[in-house]
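Peer 1: Given next are the chains, with one letter for each unit.
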Amino acid sequence: MEKPIDYNEALMLIIDEFDGAISDVQQIQLQQWRSVSTDNERIYKEFYALNVEIEALAHLKQLDLDASWKRLEEDLADRNIVTFREAPPVQKSPGKWKQILSIAATILAVLGVYYYLQASSVEIVQTAKGGHKRISLPDGSWLAMNEETIVEFNKKDFASNRKLRLVKGEAFFEIKHDVSHPFKVQAAEATIEDLGTSFTVTNSEDEVNVVVSSGKVAFSAASAGNPQVILPQQIASYNFSNKKIQVADAALSGHDLSWINQQLFFNNASLSSVIKALDECYDVKISLSDKSLESRKLTANLAFRTVDSALEVISASMQLKVRKNDEGYLLSR
Amino acid sequence: MIESEKELLEQIRLGNKTAYELFYKDHYKALHALAYNYVKRHEIAEEIVHDVFITLWNKAEGISINQSFKSYVMRSVVNASLNFLKKEKVDAGRHEKYTEWTNRVPESEDNVEDKEVLLIKLEKALELLPPQCKKVMLMSRFDKMKQQDIADQLNISIKTVKNHLTFGFAKIRTILAAEGIQFILIVIFYFQ
Numbered sequence: 192m193e194k195p196i197d198y199n200e201a202l203m204l205i206i207d208e209f210d211g212a213i214s215d216v217q218q219i220q221l222q223q224w225r226s227v228s229t230d231n232e233r234i235y236k237e238f239y240a241l242n243v244e245i246e247a248l249a250h251l252k253q254l255d256l257d258a259s260w261k262r263l264e265e266d267l268a269d270r271n272i273v274t275f276r277e278a279p280p281v282q283k284s285p286g287k288w289k290q291i292l293s294i295a296a297t298i299l300a301v302l303g304v305y306y307y308l309q310a311s312s313v314e315i316v317q318t319a320k321g322g323h324k325r326i327s328l329p330d331g332s333w334l335a336m337n338e339e340t341i342v343e344f345n346k347k348d349f350a351s352n353r354k355l356r357l358v359k360g361e362a363f364f365e366i367k368h369d370v371s372h373p374f375k376v377q378a379a380e381a382t383i384e385d386l387g388t389s390f391t392v393t394n395s396e397d398e399v400n401v402v403v404s405s406g407k408v409a410f411s412a413a414s415a416g417n418p419q420v421i422l423p424q425q426i427a428s429y430n431f432s433n434k435k436i437q438v439a440d441a442a443l444s445g446h447d448l449s450w451i452n453q454q455l456f457f458n459n460a461s462l463s464s465v466i467k468a469l470d471e472c473y474d475v476k477i478s479l480s481d482k483s484l485e486s487r488k489l490t491a492n493l494a495f496r497t498v499d500s501a502l503e504v505i506s507a508s509m510q511l512k513v514r515k516n517d518e519g520y521l522l523s524r
Numbered sequence: 458m459i460e461s462e463k464e465l466l467e468q469i470r471l472g473n474k475t476a477y478e479l480f481y482k483d484h485y486k487a488l489h490a491l492a493y494n495y496v497k498r499h500e501i502a503e504e505i506v507h508d509v510f511i512t513l514w515n516k517a518e519g520i521s522i523n524q525s526f527k528s529y530v531m532r533s534v535v536n537a538s539l540n541f542l543k544k545e546k547v548d549a550g551r552h553e554k555y556t557e558w559t560n561r562v563p564e565s566e567d568n569v570e571d572k573e574v575l576l577i578k579l580e581k582a583l584e585l586l587p588p589q590c591k592k593v594m595l596m597s598r599f600d601k602m603k604q605q606d607i608a609d610q611l612n613i614s615i616k617t618v619k620n621h622l623t624f625g626f627a628k629i630r631t632i633l634a635a636e637g638i639q640f641i642l643i644v645i646f647y648f649q
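Protein sequence lines, in the order shown, are assigned to chains B and V.
Throughout the first sequence, residue numbering follows this note's numbering, covering 192 to 524 in sequence.
Throughout the second sequence, residue numbering follows this note's numbering, covering 458 to 649 in sequence.
Excised from the complex, chain B in its bound form (with noise of 0.2 Å):
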């Protein structure tokens, strides 16, 4: 028999044994270590499966999410009328017209106006790592997105249906109240239904939360029984796990909102770098009536929710004019 060994240097052996660093010995040490209670065997197989985790989180934190989906989509048949039913900025599809025959592509063809037409409005809006970006909807209401962000919503008849995914990420909502069309954010199982309000939801990967700003929503989720009614200052989440809805002190949550705000605060940038981040973020284009304003500096906290309202500051603060043109803003001495 080997010399016993104690519980931390039991442990200690079996990272050695993932690691091959373990010798024979100790192997042995290990086994009997192992057969002397269930608690040791057990103890010994939850290491085994944390280090699978592990082993696997690891290359997940490394994987490339596009490779992966090009290799796969290679193997896909297309079913051709999706051609035309993309919508056009987000993604394209290269090659696919060269498989469909001249009849086929006849027939295709007018039903992929049709589709074209019925489907082309969808609108999807997506935000990188550290990109922020701020949409006007078609009603008059407006939401910011956080980065890494993705909405989608039908832009066409948007005004008499108004509904909004949050596919992923995080979005601050302002909302112009309509009793007879009901504003919906769908974000995963749960939804979220605006009854006269501003608030903010977040799609995360293990729950959806809302943080109410003013007003009130209803919040409901299939699983989850009758909606709640979330106040202002109040926290709800929806749990994908327990699918239950649980609403608490917003303040007491630790829920950082201040990214709502945060991203157009200048210290002493450049107005180049300014009017660059509120293209960005507004999705307009600012124009200067001449290069040497491009390096004219500026401090300020330009947190507003119209791009009209950041230019009057900055036209204030900058003493320059500000003229809106058909391609968006101009603005001089």
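Only true hints are included.
Capping the alpha-carbon separation at 25 Å, the derived lysine-lysine pairs in PhoX-like fashion look like this:
1) V:K463 with B:K375
2) V:K497 with B:K236
3) V:K591 with V:K601
4) B:K488 with B:K512
5) B:K347 with V:K463
6) V:K616 with V:K628
Not everything, but these chain B residues come out facing chain V in the computed CB check (under 8 Å):
7) V243
8) E246
9) S432
Please keep in mind that the hints were generated in silico from the structure rather than gathered at the bench.
For glycine and all other residues, C-beta sits at the position ideal for the given N, C-alpha and C.
Please build the complex by placing chain V on the supplied structure of chain B, with the hints as guidance.
Peer 2: Quick look at chain V alone, frame taken from chain B:
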């Protein structure tokens, strides 16, 4: 099935690759991890998930799903993984032993969905480790460095590296247990 999933399935039936891509990218990591738990090789795990997605795409017309669509896909991945192991066992003549970690039934819907939660909690648990311990854990587990190389690089003894790793594992196990996380249901051991 919930409304958005019905829509998704409808889009797949119509052949909307963009919708399929979003669905794939949303769930690939969890599905990969799920398959990996069984097959223990990343290339095979991807292959299994891809096979499930290809079948789903080709058969979307004829599929009727009563449960959640996501659970359906996860179940398919588990089944495909088990089939792979069965086949491999026949091929290579290896023996495996299935070990259940918990008393819960492996086929229950919640279990497969827990996978995603587990990975996120695991990542958070890693963040909670003391800085030096976390550093050693990441070098060892993420960068796959040898214990001796870590010791050299951080200018500490190999014994200290071992201590950090042991502490890290034990700590994560405690953190996850406190969060009510149970480990993966089935682990397969290979014996030569």
